[in-house]
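I would like the entire structure built from these sequences, with the hints used as guidance.
Same order as they appear, the protein sequences are chains U and P.
Taking the numbering used here, the leading residue of the first sequence gets 1, the next gets one more, and so forth.
Taking the numbering used here, the leading residue of the second sequence gets 1, the next gets one more, and so forth.
What the hints contain is simulated information worked out from the structure, not anything from laboratory work.
From the three backbone atoms N, C-alpha and C, an ideal C-beta is built for every residue, glycine too.
Careful: at least some of the hints might be erroneous.
Ranges between beta-carbon positions, derived for each pair [as the list claims (entries may be wrong)]:
1) U:Gly169 x P:Gln47: 48 to 56 angstroms
2) U:Asp248 x P:Val72: 40 to 48 angstroms
3) P:Gln47 x U:Glu243: 47 to 55 angstroms
4) U:Val256 x P:Gly53: 26 to 34 angstroms
5) U:Asp248 x P:Val44: 29 to 37 angstroms
6) P:Val72 x U:Lys184: 20 to 28 angstroms
7) P:Lys6 x U:His42: 24 to 32 angstroms
8) U:Lys229 x P:Ser37: 22 to 30 angstroms
9) U:Lys18 x P:Phe71: 28 to 36 angstroms
10) U:Tyr267 x P:Val44: 55 to 63 angstroms
Next come the chains, spelled out residue by residue.
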Amino acid sequence: MNEITGNEIIHQYLRHNKKFPHVLCAGCGHGIVLGTLIRAIHTLAIPKDDVVIVAGIGCSGRLAVYVDFNTVHTTHGRALTFATGIKMANPKLNVICIMGDGDALSIGGNHLIHAARRNIGVTALILNNNIYGMTGGQSSPATPEGSTTMTNPYGQLDASFDTVALARGAGANYVARGTVFHVKRLEKIMVEAISRPGFSVVEAITPCHTQYGRKNRYKTPVDMYKWLKKAAVPIDRYEEMTEEQRTDRLPIGVFVAEDRSGFEERYLSLQAQMRAKGGK
Amino acid sequence: MANKKKGKSKITVYPDWCKGCGICVEFCPGRVLELSSQGKATVVREQDCIRCGFCELHCPDFAIVVQDKDFVEADKLPRRRSAKTTDKGE
Chain U
1 MNEITGNEII HQYLRHNKKF PHVLCAGCGH GIVLGTLIRA IHTLAIPKDD
51 VVIVAGIGCS GRLAVYVDFN TVHTTHGRAL TFATGIKMAN PKLNVICIMG
101 DGDALSIGGN HLIHAARRNI GVTALILNNN IYGMTGGQSS PATPEGSTTM
151 TNPYGQLDAS FDTVALARGA GANYVARGTV FHVKRLEKIM VEAISRPGFS
201 VVEAITPCHT QYGRKNRYKT PVDMYKWLKK AAVPIDRYEE MTEEQRTDRL
251 PIGVFVAEDR SGFEERYLSL QAQMRAKGGK
Chain P
1 MANKKKGKSK ITVYPDWCKG CGICVEFCPG RVLELSSQGK ATVVREQDCI
51 RCGFCELHCP DFAIVVQDKD FVEADKLPRR RSAKTTDKGE
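This is the structure we're talking about:
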């Protein structure tokens with residue numbers, strides 16, 4: 001019989017009563033990340049009812065609207081706090097938190113480091129497009145130094161955040177980075193991140209042509225994908241490179257992979273211990 | 001391996017969902033797709049498709065479906081509801 005493959009799988013997970021095509025611009029990588037996430041969940045064969053997608057505000061916040069899981073569209077930067085509450089209320093659910101770079105690193109930066117420290121069993125998917133896309137192209141903490149934006153017409157003076165280094169420093173259980181050009185690798189990372197216990201951070205580099213690319217020497221959306229193809233280097237090859245070769249290169253792959261038990265597991269075992277002692 | 005699959009694919013592009021970003025057109029190894037005068041991706045050289053799956057994986061709008069030609073033609077049953085009809089359905 002005709003087996004269902006590729007995008008037909010994705011069509012089964014979409015809410016078709018929402019208006020399609022989606023609101024994202026032509027060539028935006030967010031759609032590819034959404035497709036990859038759906039494929040990862042399909043690979044893991046998790047029922048739709050056991051998946052919770054929590055999204056913040058911004059272009060990435062729109063992704064939760066289009067998929068047929070349990071979805072929450074929360075306030076700006078607080079997606080991780082909502083996700084923590086949901087995971088503690090029902091630890092059986094697979095909670096996936098979709099955030100943009102502004103959402104996760106500036107407004108919700110505090111929540112990100114403390115969620116990592118606490119090691120709550122949530123998968124944080126950070127869609128890094130280097131800019132605040134929806135509000136008109138202001139500089140975000142992930143905007144690379146020297147690039148032009150709406151609020152920095154003469155070039156960004158601040159250094160940008162390295163999400164991977166930040167998450168690793170805060171003690172996250174699983175830290176990985178992928179790009180929307182290397183979709184198969186990103187899918188593998190997502191499958192691993194969702195199936196691991198504890199807090200997982202996945203940074204997906206996705207191009208924003210409308211607000212970032214047009215002002216920074218990328219004439220078409222395709223040019224941004226060519227940049228991703230050229231700039232992204234697997235982590236093992238990146239480590240062998242000299243300092244000179246590393247300029248403008250972006251290491252991708254898995255940076256931290258541990259199996260420490262999540263906060264909800266430790267909480268439940270403490271609860272069981274206290275009950276055994278005769279507490280109420 | 002890839003050659004065995006060459007010319008055995010049926011590629012469908014949903015024009016309503018395509019935004020014409022050109023990713024599929026640029027990166028297709030067989031140059032199967034082209035942008036039409038209306039700015040949408042169209043299938044031009046279907047026989048050259050090696051079914052690498054790049055366009056399907058990288059379409060941000062889920063507008064491309066690549067299937068086995070034999071399956072589609074052998075299956076006389078009506079095709080599954082396309083994205084276009086389900087859009088209006090609910």
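Structure-based check of all given hints:
Between Gly169 of chain U and Gln47 of chain P, the C-beta spacing of about 53 angstroms keeps the proposed range 48 to 56 angstroms intact. Checked against the hint of 40 to 48 angstroms, the pair Asp248 of chain U and Val72 of chain P passes, with Cβ atoms roughly 44 angstroms apart. For Gln47 of chain P and Glu243 of chain U, the Cβ-Cβ distance of about 48 angstroms falls inside the hinted range of 47 to 55 angstroms, so the restraint holds. For Val256 of chain U and Gly53 of chain P, the hinted distance range of 26 to 34 angstroms is satisfied, since their beta carbons lie about 30 angstroms from each other.
Taking 29 to 37 angstroms as the suggested C-beta distance range, the pair Asp248 of chain U and Val44 of chain P conforms, at roughly 35 angstroms. Checked against the hint of 20 to 28 angstroms, the C-beta distance between Val72 of chain P and Lys184 of chain U comes to roughly 25 angstroms, which is consistent with it. A hinted range of 24 to 32 angstroms holds for the C-beta pair Lys6 of chain P and His42 of chain U, which are about 27 angstroms apart. In this structure the hint that Lys229 of chain U and Ser37 of chain P lie 22 to 30 angstroms apart at CB holds, the actual value being about 28 angstroms.
For Lys18 of chain U and Phe71 of chain P, the Cβ-Cβ distance of about 29 angstroms falls inside the hinted range of 28 to 36 angstroms, so the restraint holds. Checked against the hint of 55 to 63 angstroms, the pair Tyr267 of chain U and Val44 of chain P passes, with Cβ atoms roughly 58 angstroms apart.
In summary, this structure violates none of the numbered hints.
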